[in-house]
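With positions in the sequence shown counted from 1, the corresponding number in the numbering used here is that position plus 3.
Please note that a few of the clues may not be correct.
[Unchecked claim] Computed beta-carbon distance windows for the label pairs:
1) V43 / D175: 40 to 46 angstroms
2) N142 / H302: 44 to 50 angstroms
3) L70 / V322: 57 to 63 angstroms
[Claimed, not checked] Taking lysine-lysine pairs in the DSS-like style, the calculated list, with each CA pair at most 25 angstroms apart, reads:
4) K19 / K44
5) K303 / K282
6) K105 / K132
7) K352 / K282
8) K176 / K228
9) K132 / K147
10) K352 / K309
11) K105 / K90
12) K60 / K174
13) K228 / K303
14) K228 / K292
15) K90 / K309
16) K105 / K347
17) K160 / K228
18) K93 / K147
19) K333 / K352
20) K93 / K176
21) K292 / K282
If you are wondering where the hints come from, they were derived from the structure by calculation, not from laboratory data.
Everything numeric in this text was worked out from a predicted model, so none of it was measured.
Note that the Cβ used here is the ideal one computed from N, Cα and C, for glycine as well.
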Amino acid sequence: MVYPRYTASDWNLSNKTAYNVSAKECSTAERLRSDAWRTVKDIDVRTRNRQKDATRKLFERVADISLMREELSDEINHMHMEIDNLKEYKRILERALEDSSKPLHIGQECLMHREKRYGIDMVHDDVEKSLIREVEIINRSADKMRQTISAANAQLKMNRAALHSLDIDMKDKEHAQSIDDRMHHLRNSSAGIGYYPGIEHASNTMSIPDSWTRFTQHNLLRSQKERANSERLRGEIDACLRQCANAMWCQFNTVNNSFNARIRETTDTRNKMQAHLQKILQEIFDTEKSIDLLRKAIHKKEGPMKVAQTRLEERNHRVNVELCNDPAMKTLQREVTEIRESVKVLHDKLRNAEAALARLVKTRSTLENDINVKENSLQVDSKLCMGMRKSFPMEPNIGPIFQMPLDI
Numbered sequence: 004m005v006y007p008r009y010t011a012s013d014w015n016l017s018n019k020t021a022y023n024v025s026a027k028e029c030s031t032a033e034r035l036r037s038d039a040w041r042t043v044k045d046i047d048v049r050t051r052n053r054q055k056d057a058t059r060k061l062f063e064r065v066a067d068i069s070l071m072r073e074e075l076s077d078e079i080n081h082m083h084m085e086i087d088n089l090k091e092y093k094r095i096l097e098r099a100l101e102d103s104s105k106p107l108h109i110g111q112e113c114l115m116h117r118e119k120r121y122g123i124d125m126v127h128d129d130v131e132k133s134l135i136r137e138v139e140i141i142n143r144s145a146d147k148m149r150q151t152i153s154a155a156n157a158q159l160k161m162n163r164a165a166l167h168s169l170d171i172d173m174k175d176k177e178h179a180q181s182i183d184d185r186m187h188h189l190r191n192s193s194a195g196i197g198y199y200p201g202i203e204h205a206s207n208t209m210s211i212p213d214s215w216t217r218f219t220q221h222n223l224l225r226s227q228k229e230r231a232n233s234e235r236l237r238g239e240i241d242a243c244l245r246q247c248a249n250a251m252w253c254q255f256n257t258v259n260n261s262f263n264a265r266i267r268e269t270t271d272t273r274n275k276m277q278a279h280l281q282k283i284l285q286e287i288f289d290t291e292k293s294i295d296l297l298r299k300a301i302h303k304k305e306g307p308m309k310v311a312q313t314r315l316e317e318r319n320h321r322v323n324v325e326l327c328n329d330p331a332m333k334t335l336q337r338e339v340t341e342i343r344e345s346v347k348v349l350h351d352k353l354r355n356a357e358a359a360l361a362r363l364v365k366t367r368s369t370l371e372n373d374i375n376v377k378e379n380s381l382q383v384d385s386k387l388c389m390g391m392r393k394s395f396p397m398e399p400n401i402g403p404i405f406q407m408p409l410d411i
């Protein structure tokens, strides 16, 4: 006998179960498809929005850089103008310093001519005092002009350093703007795009928006400060020129008045100074030896200075974070400073010795004239000296020292 494996009820139940499973799976698949579609749409919208936001941020960044570049460009132009203005003022001041040698030469010539007097006429009279005062005023004026020229040179260096910082900042921003502008216009269909796995985790940035802004603001403020200092220095140059001109002109007239008074009361006598001549000659010899010693000492400092400055210069070629103000840098800077100060001390001693030598030579000339020249006091004052002093060697309308342009 054959027994059936399943009953009709089993068969119907199996079919019904298959129908139910099929319906359930279809429903589940339909729901999953619906969820997948919504997810695709949501992610697509979010991706587009995020890309749109990134594009907007890039646009804003480009705009920020462009604004900073405009400020940098304006300041660079202003600094270029200020550098040109200061250079022109310095040129005028240098011309004035050169022109001041003319009245100085006359004053020194008069002093030298008056050394031809003899005897009691070698008295330290008002004329001599006025002439020395004139030479002092001219030398002091020349020193002041030289100091102001040095200040102008130093300020020009500061201006150029500030300008260099602006130029570097401008160049970096041009490069960054070029990159960000290209990235702003980059699209999904653009050529050259690709995968860079892990790039989102890379962190090689060197600033944040606040420090980025402060960096440029610092450069701008530094430049503006140096421009203000430069403008103030130009005012000092103008004042220096006028003060020096007035002082020299007034003393020139004072000396002439003293000459006219002295010419009327000049007498002939002699004051013997032979005992001092040999001492002066020996002192000149000793001073020259001292000067030679100082010059050799200064020359010996050239090697160490070149080594230290070369080390500093070469180390300035380090890049990025390697450009570190490390102990070696500080030691080298101190070394240069110490050598410079040492050389300055030696130069000061040398200048003092040379000035002393010049005075000794002048005194020697005085003594020799006192001994050898007997009869020319009136001729020295009235003809040799006053013959040169009929008019001031720098007319008010000649040379920049009396005509400083105000509208540079």
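Hints versus structure:
The hinted window of 40 to 46 angstroms between V43 and D175 holds, with their beta carbons roughly 42 angstroms apart. The given range of 44 to 50 angstroms is broken by N142 and H302, whose C-beta atoms sit roughly 27 angstroms from each other. For the pair L70 and V322, the beta carbons lie near 28 angstroms from each other, so the given range of 57 to 63 angstroms is not met. Pair hint K19 plus K44 does not hold up; C-alpha atoms about 37 angstroms apart against a cutoff of 25 angstroms.
Note on K303 and K282: the hinted pairing is violated, with a Cα-Cα distance of about 32 angstroms set against a maximum of 25 angstroms. A C-alpha spacing of about 20 angstroms is found between K105 and K132, which places the hinted pair at or below 25 angstroms, so the restraint holds. Taking the CA atoms of K352 and K282, the gap is about 22 angstroms. The hint holds against a cut of 25 angstroms. Proximity of K176 to K228 is assessed by CA-CA distance (about 22 angstroms); at most 25 angstroms being required, the pair is judged to hold.
Distance check on the hinted pair: K132 and K147 sit about 22 angstroms apart at the alpha-carbon level, within 25 angstroms; holds. At roughly 22 angstroms between alpha-carbon atoms, K352 and K309 fall within 25 angstroms of each other, so this suggested pair holds. Among the hinted pairs, K105 with K90 is consistent with the structure: their alpha-carbon atoms are about 24 angstroms apart, no more than 25 angstroms. For the hint pairing K60 with K174, the CA-to-CA distance comes to about 22 angstroms; that is within 25 angstroms, so the pair holds.
For a cut-off of 25 angstroms, the pair hint linking K228 to K303 is broken: about 39 angstroms separates their Cα positions. Distance restraint check for K228 and K292: the Cα-Cα separation of roughly 48 angstroms exceeds the 25 angstroms cut-off, and the hinted pair is therefore not satisfied. For the hint linking K90 to K309, the alpha-carbon distance of about 29 angstroms lies beyond 25 angstroms, and the restraint is violated. A hinted pair counts as satisfied when its Cα atoms are at most 25 angstroms apart, and K105 with K347 does not qualify at roughly 29 angstroms.
Between K160 and K228 the CA atoms are separated by roughly 14 angstroms; this keeps the pair inside 25 angstroms, and the hint holds. For the hint pairing K93 with K147, the CA-to-CA distance comes to about 13 angstroms; that is within 25 angstroms, so the pair holds. With a CA separation close to 28 angstroms, the supplied pair K333 and K352 exceeds the 25 angstroms bound. A C-alpha spacing of about 33 angstroms is found between K93 and K176, which places the hinted pair above 25 angstroms, so the restraint is violated.
Simply put, K292 and K282 have alpha-carbon atoms about 15 angstroms apart, close enough for the 25 angstroms limit, and the pair holds.
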